[in-house]
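Participant: Starting from two chains that each stand alone, build the complex the way the hints lay out.
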Amino acid sequence: MGMTLNSTATSTLEKAGDDLHWLLKTTEGAISGLVASFQGLAEHADSILALAAAIVDRVENERVSSVLSSVHALGAAAKGFVDDRLKATAEILDTVTAELELLHKLSMVTDGQAKVAAQIKMLNVHTKIEVAHLGAVGASFEYLARELADFSMTLARNTEELIRHTNERRAETERTKLMVSVELPHLTEELARIEGNLSDDLTALQSGLTRLSKTPVQFRASAEEIAGQIAGVVVAVQGHDITRQQIEHVQAALESIAQGMANEATLTNGGLREAAANHAGLAIQIFQLMAIRATIAEWTSQVRQCMSGILRISASELVEIGPLVLEQERAMLAQLSHIELLERECLANSERLRGTLEGISNLSVLVTEHLQNAKSARNRLRMLNFNSVIEASRLGAQADTICVIADGIAEVSVEWSNITEQSGSALREILSLSKRIGQGMETFSKSGNEDLAKSQAQMKIELENLRNASTFAVTQSHKIGNETDAMQIMNAEVGRTSDQLDACYARIDAVLRDLQDAKSQIESDYPGIAEHYDCEAIEKAYSASYTTAAERDVLRAALHGTEMPDTQQSFIGNDVELF
Amino acid sequence: MKRILTVDDSASVRQMVSFTLQKAGYEVTEAVDGKDGLAKIGSGKFDLIITDLNMPNVDGIQLITAVRKLPGYSFVPILMLSTESQAEKKDEGRKAGATGWIVKPFNADQLIAVVQKLVK
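Protein sequence lines correspond, in order, to chains A and B.
Using our numbering, the first residue of the first sequence is number 1087, and each one after it goes up by one.
Using our numbering, the first residue of the second sequence is number 53, and each one after it goes up by one.
Since the hints were derived computationally from the structure, they do not count as laboratory data.
Mixed in with the good hints there might be a few duds.
[To be verified] These stretches of chain A come out as covered by chain B in the derived footprint (C-beta under 8 Å, 3 or more residues):
#: 1; region: 1413-1425
#: 2; region: 1633-1644
[What the hints assert, rightly or not] Which residues of chain B face chain A? A few of them, derived with a C-beta cut under 7 Å, are:
#: 3; residue: Val65
#: 4; residue: Tyr78
#: 5; residue: Trp153
#: 6; residue: Val166
Just so we're clear, the structure is a prediction, and the values are computed from it rather than from any experiment.
Note that beta-carbon positions come from the ideal geometry of N, C-alpha and C, so glycine has one too.
Isolated chain B (complex conformation) (with noise of 0.2 Å):
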């Protein structure tokens, strides 16, 4: 079973993620911030990561650059789940390493569909 990593520090986010992406079959861990994802994504391995940007501790950008020093973590994608719809906030995430942009609130069978076609 393909395992998902989902950031976000709002409790409902997650769950949304979760259940969405559980009912599709995958195994999804949940992280509270950036710090928490990357305690995660040293115990065990991810085959994409969702995360949102505004994040106490360590935020959405410092994530994803830090995970794309991680080895095995070149090439996982990772996308950015947040309320920020600016071109220059998704120029940022895209330059940090990440491989989408999802501005909340997120459709359940658009995410499963992207997902799909990112974990094969």
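With the rest of the complex left out, here is chain A (with noise of 0.2 Å):
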């Protein structure tokens, strides 16, 4: 080799030798703030995990998962209470429907009762026309003429009564008909409305609480992946210092190849045997560099990896522990408010109906009234009758018309009968009708809530330890935030320290290039150089220097040609050999 080519090779192997030197001077500086980086990271995942910890130990203390139950016979209890009122309030809309046909029967009854007043006003007209005819004779029957005046009057006034409370109590049963006809799809509606959100409730309520129960599950999966990544970094960090000692053996090697290639341009026999060595030295030493560009690739792939895992489960994993409380929290409240609007639209709507049942209850007392004087009245139209007989027959011919009259009462009192009959089989009908909104409106009472009350106070209970629970967990949350963001905060510095390194370390591919171009000049000069190696000297003089079994396997494979072997560190790490 030429003095002139020599010495640029030297002074290439002087500059390459100073950026590595650069590169480890600039690169500690890096690996001191990553370190630092780490451990702060490390430290807030710890103290998230205390956190995280405190939380699913009160999540444990509370029996939130137990929950679960509760929430299962309050839904139950729920359902149950929606089914009865259904079927209650379609009861009553059978008995306000039958109560209107019912009340068409009155209708009826009363017709026939005006009649009959009618008839008996008539009667009393006859009898005074009569008494009048008669004259001295006939003085006895005034006072049939008097009792059927009188009977009359009152019968007209039952009748009008009777009438009007028959109408009015349709125009509310109509009402009422209208308002639970219109109603009850509503009902129907805004109930399996709120079956539905308690169903959705419930579901994810169950969803949560499920999740929830697996909290300390997962706090221990995640605890446990945070020590794997920070064991990771270790291992990382430590690769970091097994490549510095390989780059400054290389360095070494390339002062020592440098001296190399000047004292063989002093040389006069051509300096075959020292540019075998000097070559052989340069192939090594792009081997370890390549081997070390690829180590180093790795650890700080390793490196930014384990860091954002960290932050990855601390984040996401760990934070969402807190909120999870508290959106069961907020689910059982939701589901405990739909219960209660459930109960309002059902007390609401009993109450109503409930109006419907005095209702009947009023008719009942004054049908039941108008039976009483309708047997009264009977009675009297009876002995009425038998004293018009008695009377006209002691007068003989002359109170012919007398006797008409008596059979005119007579007629009357069996027509009267019939009305007294229909009367009483109306009440029947009331009192059965009474008797079935009764029945539906027990539902509607307090008694049958007892089910849902006994689970709406068991599931406050467990309500007010969720609640507990979350009050814990939020500000706990709160804290894991806070630490989260300085978390945030140091990994983006890792970032950009790992950007840098990454920048520092690229300085070893323009090393490799000037080291490949000298190696070039070399074999140029030399055509055939590698066959002149001294491969067990060489071996020697570089492994001397060697501290790591894969400096000493890629210098083997250098020396022979054979491939880069696989350097790859284990990031795992090492056991310990005790001796």
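Facilitator: Written out as structure tokens, the structure reads:
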């Protein structure tokens, strides 16, 4: 090799050595920063683990997972409550429809009653005419005329009252029917909606509580994962130290080769042996740097991966535990609110229906009174008929007209008996309806809500427990949030430092190119130079400073022209060998 | 609290050893080389020593040899933490008085487990 070329190669190697020196110096500071960020991240991760552990403990202490059975019981009780009420409301609609039919029958009774009242009034007029016609002889019939007049008035009054009440009741019942028939589908729809909400709440709660019950396991898994990522960074940082040593070895080797090249130039015999040693040395350093470059890429990527892993687990999985508890509290609160709403709807409905029941009771009282009056009237009519027949037979032929009147009274009496019979039948039907409505109303009564009330009370206790856990979880989550915010900042720093390291290590590529040029230069001066390697001496010379098995493997590959060995570092780390 | 001395010329390795063992509840003192290590040992008692092999001034083997001569340090566990994995080097360490050998990089869990076993 010529003196000028050799001096160029020497300065190339010196420059490469300087580059590596710069690299080591620059990266040392970056690594120190990286380690500091890592320690900070690990401390924050520890704090987060402690905060999350406290939430998990609280969740376990408050037996939050037992809420699920109460939620199921409440859901079932609420469903039963809704079903009973829908059934009872439908029953009441049927009853109201039956009541309208009954009122129609009562109208017919009142019509008949009005007719009878008119007939009696007519009989009264006839009696008065006949009394006037008979003169002194017919004085005994004045009593009959007065009775008929009085009876006719009473009957007309009663009839009028019954008609008025029946009409009023019909109007009210029609309103009730309209209300129930309009409200029943609405109520069905509303209750179905509430039931749907309850079902959704239940599903959400069930899913949330199932997730919540898994939090201790999830927490342990996250803690283990964080520990694994931390261990990964610990190994990766050591990986840096190993590559630092290896770069130092390359740097020292380059100095030695540069020296060798300078010596070679002073030799007069062409320096083939020295050139071969220098060429071999360069080949080895190129291989070493290639292996180092690959290892560095691995450990920097390992650092990034582990650091972001720590952040990911801390910021997502662990942070979720707190809000999950809160979410359950809200879902449970929503369920209770929905049930309370449902209760309110049902109570308002039952109040309206209670009015219907009272109306029917009033009607039954009225018809009972009326029936009583009708029976008295029937007896009174019979008595009038009897008296008029006796008096008419006493007067003989003079009282023929009175006999006709007595027959009329008898006819009216029969007709009245029928009306009394119809009133009795209507009363029985009213009483039966009243009983049916009463049964329906019982469903709406408080004693019917016992199951629901019991489940609600239990649920309120569970909610209180969950609320305590939730309040605690919110506070803890807030702290976890602060910790993860700080971690985000640190992670960004780690990212910047890693970028800086990557940029620094990219300098190795330039060094590799320089070394490759110097090596090619020797090859062009000494074709087939590799055949002149004294492998044993070269291996001995270089391996003396090596401290890792990887360096020795790479050295042999470079010397013997074999494939680059797999020098990937184990990111699990090595075990301790006790003597 | 048990006291551990870590001796290494690499700051990042010292930091990793300290970090790992402090998290496990040990008090860790750092020394930058064998000479510094001996000085630290002179000023306080340690329950375990973890040392690198190749260091300036006083190397790992020299450190172990010197420590074993100190009163009260005959049976104190000493672990070598080195990139070296050659049997001859390990044998050299064993003969000097090392209790065990760890090839860098160390596994944190395993290091803690061994330290717990050695320092009771």
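Participant: Work down the list of hints and note, for each, if the structure agrees.
Facilitator: Each hint tested on the structure:
| no. | hint | result |
| --- | --- | --- |
| 1 | 1413-1425 | violated (count 0) |
| 2 | 1633-1644 | holds (count 3) |
| 3 | Val65 | holds, 5 Å |
| 4 | Tyr78 | violated, 15 Å |
| 5 | Trp153 | holds, 5 Å |
| 6 | Val166 | holds, 4 Å |
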